[in-house]
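The lines below spell out each chain.
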Amino acid sequence: EPEVTQTPSHQVTQMGQEVILRCVPISNHLYFYWYRQILGQKVEFLVSFYNNEISEKSEIFDDQFSVERPDGSNFTLKIRSTKLEDSAMYFCASSAGQSSYEQYFGPGTRLTVT
Amino acid sequence: DAKTTQPPSMDCAEGRAANLPCNHSTISGNEYVYWYRQIHSQGPQYIIHGLKNNETNEMASLIITEDRKSSTLILPHATLRDTAVYYCIVRVYSNDYKLSFGAGTTVTVRA
Chain U
1 EPEVTQTPSH QVTQMGQEVI LRCVPISNHL YFYWYRQILG QKVEFLVSFY
51 NNEISEKSEI FDDQFSVERP DGSNFTLKIR STKLEDSAMY FCASSAGQSS
101 YEQYFGPGTR LTVT
Chain F
1 DAKTTQPPSM DCAEGRAANL PCNHSTISGN EYVYWYRQIH SQGPQYIIHG
51 LKNNETNEMA SLIITEDRKS STLILPHATL RDTAVYYCIV RVYSNDYKLS
101 FGAGTTVTVR A
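These protein sequences, in sequence, are chains U and F.
Going by this note's numbering, the residue at position 55 of the first sequence is 55; the numbering climbs one at a time, nothing skipped.
Going by this note's numbering, the residue at position 40 of the second sequence is 40; the numbering climbs one at a time, nothing skipped.
Every beta carbon over 10 Å from chain U, so not counted as near; a handful from chain F, in silico:
hint, residue
1, Pro8
2, Met10
3, Cys12
4, Glu14
5, Asn53
6, Glu58
7, Thr72
8, Asp82
9, Thr83
10, Thr108
11, Val109
Covered stretches of chain U (in silico footprint by chain F; criterion: 3 or more residues with CB under 8 Å from a CB of chain F, positions within the stretch not fixed):
hint, region
12, 39–46
13, 52–64
14, 86–93
15, 102–112
I should point out that these hints are in silico values taken from the structure, not numbers from a laboratory.
Virtual Cβ for every residue (Gly too), placed ideally from N, Cα, C.
Isolated chain U (complex conformation) (with noise of 0.2 Å):
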């Protein structure tokens, strides 16, 4: 059964530091998202992206977050400067189409900031 992956699953970082998080989505999936979950808090919605381009991000998303699509199979999360607050588990998630599709989820990318 196809799956999303998400790489590295945990990731320790200094404060200030820039960190790259990696996901390859389901292949024939057109819509992807990132979402973090802070311990012992919901998951929280950041972006969506398709054709290429951002269709949905929360206030969350800000500028230090951005992300890219730089081939045909991965999907990235960049965190400029890294802040002790954006430690959490990241997932990444993607669906064939919007709204009435489900989203299936990565594992998580645990990320660490110290």
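Guided by the hints, dock chain F onto chain U, whose structure is given.
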């Protein structure tokens, strides 16, 4: 998106049916009801969704009341592996990308 209300937690006996309620009294005509679950900090997993008719798949059944103000997710034969946080989410049918997760219901299946 319409707000949903779920009980914070519930227990269920292994092998028995688990009935998870969700209240969405302000749901609009163009909003679907979705259920996802999250097993111990793994990525959320899609379970089922519906508009107004009852739905069933290999994982669960979804019962939506006639007025659509509430729904029930039914896990027919709960197993220990069904222990998870279950999220009820309502979502506009068109032009809506994000899933808005609440706190969900923590379901513990006991042997």
